[in-house]
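**Q** Between the sequences and the hints, there should be enough to build the whole structure, so can you do that?
Okay, here's what each chain looks like letter by letter:
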Amino acid sequence: MYYKETMRQMNDIGVGSLIIVALISLFIGAVTAVQFAYQLDGTLVPVYYIGYIVRDSTIIELAPTITCLVLAGKVGSNMAAELGGMRQKEHIDAMEIMGVNTAAYLIMPRLVAALIVIPMLVAIAAFVSIIGGYIATVPAGYMSSEEYVQGVRSFFEANNVFMMFVKSVTFAFLLTSVSCFQGYYVQGGSIELGKASTNAVVFSDILILIADYIIAILLT
Amino acid sequence: MIRTEELYKSFGETEVLKGISTEFYQGKTNLIIGRSGAGKTVLLKCLVGLIRPTQGKIFYSDTAFSQLDKKQIKAIRMEVGMLFQGSALFDSMTVEENVRFPLDMFTNMTRKEKLNRVNETLERVELTGVNDRYPSETSGGMQKRVGIARAIVMQPKYLFCDEPNSGLDPKTAILIDELILDITKDQNITTVINTHDMNSVMEIGDNIILLHHGHVAWRGTNAEVLESDNEILQNFIFASPFLQKLRKNALENL
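Going line by line, the protein sequences match chains A and B.
Just so you know, the numbering used here puts 215 at position 215 of the first sequence, and the rest follows in order with no gaps.
Just so you know, the numbering used here puts 205 at position 205 of the second sequence, and the rest follows in order with no gaps.
I should point out that these hints are in silico values taken from the structure, not numbers from a laboratory.
Among these hints, one or two may not hold up.
[As the list claims (entries may be wrong)] Label pairs and their computed distance ranges (CB to CB):
hint : chain 1 : residue 1 : chain 2 : residue 2 : range
1    : A       : Ile-116   : B       : Gly-37    : 43 to 51 Å
2    : A       : Leu-209   : B       : Asn-131   : 46 to 54 Å
3    : A       : Ile-191   : B       : Asp-132   : 30 to 38 Å
4    : A       : Gln-187   : B       : Met-78    : 27 to 35 Å
5    : B       : Glu-5     : A       : Asn-101   : 25 to 33 Å
6    : B       : Glu-5     : A       : Val-15    : 48 to 56 Å
7    : B       : Met-109   : A       : Glu-157   : 51 to 59 Å
8    : B       : Arg-111   : A       : Leu-23    : 39 to 47 Å
9    : B       : Glu-137   : A       : Leu-23    : 28 to 36 Å
10   : A       : Val-202   : B       : Leu-243   : 50 to 58 Å
11   : A       : Ser-190   : B       : Ala-75    : 31 to 39 Å
12   : B       : Asp-229   : A       : Gly-188   : 40 to 48 Å
13   : A       : Asn-101   : B       : His-215   : 31 to 39 Å
This one's a predicted model, so the numbers in the text were calculated from it and none came from an experiment.
We put the beta carbon where it would ideally sit given N, CA and C, even for glycine.
**A** See the structure below:
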């Protein structure tokens, strides 16, 4: 049962968020590339640096943070609303009377699924973002394909990828636990459910940004 | 049998249950009745352990339920089934999956054994051919039956029903009452029903407990309701002038 529920959650979180994450990442990469091209225009900085800057800013910051902020809105609010709805419709009471450990059955699969799937989504987001940078700069004539690829391949540090995964796992834990807490302990009616859903997003976002800062200090 | 001793429950300053001492008998349909706010749902939730009483004891047979630790409570809950007011069926699961849920969670039965048990239970509640439907694709009466099926699939010793007839038409409500009565007698289980439904009181009330402002105001059987001179009971059961007239006529014809 736990395995089945974990698989369902992985599908909901991962496959269900793939398109929105890819779309946002594509544009973030594109905007980052275009804005750096604009800022570096007329300077002595080599143009291939745009690829390097897009890659590192994406991997270090944009992919994990923006993806998880988006997921806090999409997945977090959904988790809070789903669990809150189950609380209000007495589904959780029904499980407890059967003897089910509801916290374990309802929260653990979501947490495990998020910890597995969200780092994957972040990795995809980083990749798509770099592609976005390519699409925005090479066809538009800012630089050649070779220059962009040279930039992407320059000054690579594996530690940055490690940092990306540390951030994504931390943010996944934060947004899932905060959202599940908000939903699981909801009391009252539809207004409280709406508040719980909103709180899930707001508190997750705040904690993600604080954690982002702490990880940046610790790992750089 | 379930027994309560001086059961109290408060929420902040509000005392909802004020020393409930009563018994719920095995093989009988035990009804908790009373006006809204009388404490029926709180008593039922205390009985199943969803709410901890402020004071007092609950005994399942001779086991003091209210003093057990979590592990021991879990063991008792294997013997408990409950039908909720809104049925509380899991939306993402089909009828079959809903009924099979306790078997999946707590038994080592094979897939075939589970399917057989689910089908037997659905037949018991007179529901066949709906295994693959989702709760949203069934009527209110069917949802109640699925809820009953899920509550009895583990063959419990204790069955709790919270407002089993709410939201149902009179005919379906009678069918649900008859079903609960049959299950109680056939399986010789202790059934506790929280209800407002006067038809249930008169038809299946083997042991009726009337709650009033957190106290037990009256206890008796359905046969004793008509002749009782308890004012609270009469004001509650025969609330309208029409029902009062019916009672008067019935008493004259006795």
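**Q** Look at each hint and say if it fits the structure.
**A** Hints versus structure:
no. : hint                                : in the structure
1   : A:Ile-116 <-> B:Gly-37: 43 to 51 Å  : holds, 48 Å
2   : A:Leu-209 <-> B:Asn-131: 46 to 54 Å : holds, 48 Å
3   : A:Ile-191 <-> B:Asp-132: 30 to 38 Å : holds, 36 Å
4   : A:Gln-187 <-> B:Met-78: 27 to 35 Å  : holds, 28 Å
5   : B:Glu-5 <-> A:Asn-101: 25 to 33 Å   : holds, 29 Å
6   : B:Glu-5 <-> A:Val-15: 48 to 56 Å    : holds, 54 Å
7   : B:Met-109 <-> A:Glu-157: 51 to 59 Å : holds, 55 Å
8   : B:Arg-111 <-> A:Leu-23: 39 to 47 Å  : holds, 41 Å
9   : B:Glu-137 <-> A:Leu-23: 28 to 36 Å  : holds, 34 Å
10  : A:Val-202 <-> B:Leu-243: 50 to 58 Å : holds, 53 Å
11  : A:Ser-190 <-> B:Ala-75: 31 to 39 Å  : holds, 37 Å
12  : B:Asp-229 <-> A:Gly-188: 40 to 48 Å : holds, 42 Å
13  : A:Asn-101 <-> B:His-215: 31 to 39 Å : holds, 36 Å
Checked against the numbered hints above, the structure violates none of them.
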